[in-house]
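Student: Be aware that the sequence shown starts at 6, since it is given in this note's numbering, and climbs by one per residue.
Some clues are possibly wrong.
Straight-line C-alpha distance at most 30 Å; calculated DSSO-like pairs for lysine-lysine [said to hold, decoys possible]: (1) K113 - K154; (2) K231 - K177; (3) K154 - K13; (4) K27 - K78; (5) K260 - K210; (6) K78 - K120; (7) K133 - K16; (8) K120 - K210; (9) K198 - K177; (10) K113 - K177.
Calculated directly from the structure, the hints in this document are not laboratory data.
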Amino acid sequence: MLNHEAGKTLKQKLPLGMVATKRWLQEQGLSLHYIDNAVRRGALVVAVPGVYYRDEARPTWQGVVASLQQMAKLPVHVGGLSALAVNGVSHFVNKRGNPVINLYSPGKLPAWVNKIDVGATFAWHGTKRLWPESLLLDQSVFRHYEWAKGLPEITYSCVEKAYLEIINEVPKHVSFEHADALLEGLHNLSPRKLDTLLKNCLNVKVKRLFFWLAERNQQPWFKYLKSEDYDLGAGKRVVAVNGRLENKWQITVPKEM
Numbered sequence: 006m007l008n009h010e011a012g013k014t015l016k017q018k019l020p021l022g023m024v025a026t027k028r029w030l031q032e033q034g035l036s037l038h039y040i041d042n043a044v045r046r047g048a049l050v051v052a053v054p055g056v057y058y059r060d061e062a063r064p065t066w067q068g069v070v071a072s073l074q075q076m077a078k079l080p081v082h083v084g085g086l087s088a089l090a091v092n093g094v095s096h097f098v099n100k101r102g103n104p105v106i107n108l109y110s111p112g113k114l115p116a117w118v119n120k121i122d123v124g125a126t127f128a129w130h131g132t133k134r135l136w137p138e139s140l141l142l143d144q145s146v147f148r149h150y151e152w153a154k155g156l157p158e159i160t161y162s163c164v165e166k167a168y169l170e171i172i173n174e175v176p177k178h179v180s181f182e183h184a185d186a187l188l189e190g191l192h193n194l195s196p197r198k199l200d201t202l203l204k205n206c207l208n209v210k211v212k213r214l215f216f217w218l219a220e221r222n223q224q225p226w227f228k229y230l231k232s233e234d235y236d237l238g239a240g241k242r243v244v245a246v247n248g249r250l251e252n253k254w255q256i257t258v259p260k261e262m
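Please construct the entire structure, taking both the sequences and the accompanying hints into account.
Tutor: This is how it looks when you write it as structure tokens:
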């Protein structure tokens with residue numbers, strides 16, 4: 006590839022504000038010699054060893070996520086509390102300090118992601134025990150966020166999917182009270198999307214906890230969901246340690262709730 010062609014390829018494949026690994030740039034047809042020369046003359050800047058961005062346009066966390074989604078072999082999406090924030094449900098999200106961006110994927114987080122200084126921390130969540138890979142390809146349960154005009158959009162969970170991802174973190178990283186308070190404000194969830202998600206969800210605890218919380222809150226959409234339509238497994242599940250047994254859903258919950 007001639008230098009001027011390589012330059013055009015670099016600008017096309019690596020827009021300002023995004024990052025790329027050396028391996029990915031080579032997969033796009035750029036030679037190692039060209040990449041090294043681009044670094045020497047300043048056209049490429051080393052973010053961390055083996056990862057680059059163009060010129061002086063330092064990447065943001067949105068640029069890192071968009072880049073990761075573009076380069077990853079397996080699906081990656083923004084989910085959980087981070088997806089609720091993008092969806093506008095942000096009054097329960099911690100605004101102090103650097104934001105934590107929750108990323109979900111059946112693959113592993115590349116080591117370089119949390120080494121780039123973008124004023125945010127990335128928290129990685131494996132999806133193999135929560136969602137089948139087929140669901141991660143179903144665009145009906147995702148939304149797309151335009152973070153910069155003309156650049157690849159960021160894929161993130163719809164509200165319904167994000168909420169189930171949050172429940173998966175109860176009680177280790179999200180309290181029962183937090184999950185309950187969030188659901189209290191979610192009046193307009195889609196029964197159709199919830200049906201798709203609950204039928205695909207691989208985690209029995211998540212489904213039972215969802216039905217317990219949904220029954221507590223009695224939102225308008227709840228009457229359209231029939232628990233017998235979903236695989237809720239068998240036997241008791243300890244969710245709250247030293248909690249009380251909720252007989253209907255066969256899970257332990259806090260005694261005070």
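Student: Next step is simple, just say for each hint if it's right about the structure.
Tutor: Hints and how they fare:
no.	hint	in the structure
1	K113 - K154	holds, 29 Å
2	K231 - K177	holds, 28 Å
3	K154 - K13	holds, 20 Å
4	K27 - K78	holds, 15 Å
5	K260 - K210	holds, 18 Å
6	K78 - K120	holds, 20 Å
7	K133 - K16	violated, 35 Å
8	K120 - K210	violated, 34 Å
9	K198 - K177	holds, 26 Å
10	K113 - K177	holds, 21 Å
In summary, the structure is inconsistent with hints 7, 8 from the numbered list given earlier, while agreeing with the others.
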